[in-house]
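Novice: What follows is the residue order along each chain.
Number of protein chains: 2
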Amino acid sequence: MQSTEQPRLAPRARAVEPFHVMRLLERAKTLEAEGRSIIHLEVGEPDFPTPEPILAAARAALEDGAVHYTPAAGLPQLRERLSRYYAERYGASVEADRILITPGASGAIQLVFQALLEPGDEVLICDPSYPCYRQVLRLLGVEPRAVAVDADDDFQLSAARAEAAWSPRVRALIVASPANPSGTLLGREQLAELHALCRARGAALIVDEIYQGLVYDAPDHSALELAEDVYVINSFSKYFGMTGWRLGWLAAPQAAVEVMERMAQNLFIAPNTPAQHAALAAFAPATLEILERRRACFRERRDALLDGLRRLGFGIDGEPKGAFYLYARLPDWVGVDSMQFATTMLEEVGVAATPGHDFGCHGAERHVRFAYTCDLPVIDEALGRIDRFLVQCRSR
Amino acid sequence: MQSTEQPRLAPRARAVEPFHVMRLLERAKTLEAEGRSIIHLEVGEPDFPTPEPILAAARAALEDGAVHYTPAAGLPQLRERLSRYYAERYGASVEADRILITPGASGAIQLVFQALLEPGDEVLICDPSYPCYRQVLRLLGVEPRAVAVDADDDFQLSAARAEAAWSPRVRALIVASPANPSGTLLGREQLAELHALCRARGAALIVDEIYQGLVYDAPDHSALELAEDVYVINSFSKYFGMTGWRLGWLAAPQAAVEVMERMAQNLFIAPNTPAQHAALAAFAPATLEILERRRACFRERRDALLDGLRRLGFGIDGEPKGAFYLYARLPDWVGVDSMQFATTMLEEVGVAATPGHDFGCHGAERHVRFAYTCDLPVIDEALGRIDRFLVQCRSR
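Just so you know, the sequences run in chain order S and Z.
For the first sequence, counting from 1, position 330 maps to 330 in full-length UniProt numbering; every step adds exactly one.
For the second sequence, counting from 1, position 86 maps to 86 in full-length UniProt numbering; every step adds exactly one.
No lab work stands behind these hints: they were computed from the structure.
Watch out, some of these pointers could steer you wrong.
Which copy? The list can't say, so a pair holds if one copy fits it or any two copies do.
Each computed SDA-like pair below joins lysine to any residue, with the alpha-carbon atoms no more than 25 Å apart [to be verified]:
| id | residue 1 | residue 2 |
| --- | --- | --- |
| 1 | Lys321 | Cys393 |
| 2 | Lys29 | Arg388 |
| 3 | Lys29 | Arg293 |
| 4 | Lys29 | Glu258 |
| 5 | Lys29 | Asp217 |
| 6 | Lys29 | Glu95 |
| 7 | Lys29 | Ala61 |
| 8 | Lys29 | Leu280 |
Next up, chain S with everything else stripped away, as it sits in the complex (with noise of 0.2 Å):
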């Protein structure tokens, strides 16, 4: 074995940056390893099981010998069951060869983003938002040209602050609903006004919907309902509580799919097997039974965290409908940034949640964002242990 010098990394693979939860994560299971009772308030995953019936489509595939490669864009039964699935919950027409099955929705990411955008292009994207839009695009040498949302816009960007940011490179703009870390939902209003704004100039929608379905208080949407000429991205993961099986999908016009279905046999010859057959059973009606209870679970938790969170003092002032988070703008008497605050309330209370800066640097300093994938009574002892430590914080 030889000694080797530094090796000489790309510099936009250099300029990649870590999620900060990452080192709460990491510390947080140090002081678990230690005894210590953690709460996580910081994961982005469902803490439900995947359902039964889709465990059970998993096993009998693997019976049947489903081991194989499938084609780049995915298991045609699959394709079409959503196709349908679109036409029955959100009286979408949605062909299914418009839909490619794809690794995650970081797979739909990577698709839209290669597919649509060059080196030197831009994107507007809010700020917060999702943490990897902006390290994939500038990965892809794409400048993300970030937008400020804050809760006078419910956490979304509207066609007005869209065009007023609006740059000659802006190639595609991307926005999700419900969003991350918000949880706030975009209007059909809205969403049909960012759509004429998108078209007047040539460029492309994208819209994240991997939280569709976790929706509260109010309809469940699909910009597909909108036009054939937008670009949706989704997931198994969150609804349907399949995050560890990497399955995701993307709806594109007619028109870009021959050029996508190429790109994805090359990028990933072909999404997990074993998974597409087990999403299969995702619409069964024993599975959305089980999912619309798991929905039920979610609201109860958001009411309660939400309550919590308002009655400490923490600022939230959108409407977080759907997703399982809430971004809690910091007391106004905090002397500390958001970061320091969820690095000393872990260390001191047992309670981790993600501190703004992985979203964005609008307003990051006095954000945090508490994910409610956890039980009501364990939402019940978070709350309290940061009551003790807000008190603390006060004493000082």
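Let chain S serve as the given structure and place chain Z on it in line with the hints.
Specialist: Just chain Z now, with coordinates in the frame of chain S:
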């Protein structure tokens, strides 16, 4: 639903070429649907199912609820197990934290290309070679600099040829052993020379070992025996019989791992969880026994197909000692190019093979790739049909 204009796809995306074999595969399916018997010698996938101990591990993982995200670089115990595998089987010291588990070798290719290369860079690749290299490179704005290799070089790149083809923009060199489409191996000495050349020029050496273990009449090696500063792509797909599970790995120099792990977080989140637990059983003695029996089968098939094709007048001058491919030069008197040959052979005698055009330009029109991914009696039947086809060709 509104009608849509032609979407503005990125020129690079539009430039991704389809695999020619896909058109043949589609035609083969149509013929099969019409009741025709088709022999598939075009498929780059073992016909064997995933070994039972791996399936059993997958079932147990589902039973245990292993359906949540793993760390981005994969299950620590799988990385440890691979590290031991390198030590035990290849006498190579590869620390577990130098191994990143990826969504197939495809994920490893994306990770290593994006980590090392920027637009405008060049990469030396063999012509012929695995088509995805050049497609993925071009998507990233990197120019694949093809070096013609042929039977005289055993279809492998020599340091002399690499040096002759070098340009100031070359930042990496990718070779494969065993290689696709030729099935030839890269000698240790030849590899050491390429490594020395890369080191002297400050370029990275990337070695694709996806067919590792599928080696006949020759010792099985890993480039990781040689040095720490090579990037090795591998997969559970071929030797381990797990194609549809989409699980691979990348071994990288220690100093590159942290950046790559951050990239993996953003590009993939994590590899498929059940597949990772299943793969833990890939190294069990019971599994390896099955795999070694299969290897013996592949060797018998290779011998039968190699002898048969040579008897029919195909030129196979290299030493195809690995993978499950033969890259056969059409008999000189055949008056059509390999694309036409493959198309007509499929139509007339129902044998599917891959035209050389999928692997590059050099000699592509004179070569066809045959995969021995079917049983001996089927290979015999295929040889009989090809014989009949050649007789028909002669009589025209």
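Novice: All hints are to be evaluated individually against the structure, with a verdict given for each.
Specialist: Cross-check of the supplied hints:
1. Taking the shortest Cα distances, Lys321 and Cys393 never come within 25 Å of each other, neither inside one copy (30 Å) nor across copies (69 Å).
2. Proximity of Lys29 to Arg388 under the C-alpha cut-off of 25 Å is restricted to the intra-copy arrangement: shortest distance 22 Å within a copy versus 67 Å between copies.
3. Taking identical chains as interchangeable, the C-alpha atoms of Lys29 and Arg293 are never at most 25 Å apart, the minima being 31 Å within one chain and 43 Å between chains.
4. For the homomeric pair Lys29 and Glu258, the shortest alpha-carbon distance between copies (19 Å) is at most 25 Å, but the shortest distance inside one copy (45 Å) is not.
5. With identical chains, the CA atoms of Lys29 and Asp217 are never at most 25 Å apart, being 36 Å at best within one copy and 49 Å at best between copies.
6. Taking CA atoms no more than 25 Å apart as the test, Lys29 paired with Glu95 passes between copies only; the shortest distance there is 22 Å, against 45 Å inside one copy.
7. Proximity of Lys29 to Ala61 under the C-alpha cut-off of 25 Å is restricted to the inter-copy arrangement: shortest distance 22 Å between copies versus 35 Å within a copy.
8. When the C-alpha separation of Lys29 and Leu280 is checked against a cutoff of 25 Å, the pair qualifies only between copies, where the shortest distance is 23 Å, while the shortest distance within a copy is 35 Å.
The structure fails hints 1, 3, 5 (numbered hints given earlier, in ascending order).
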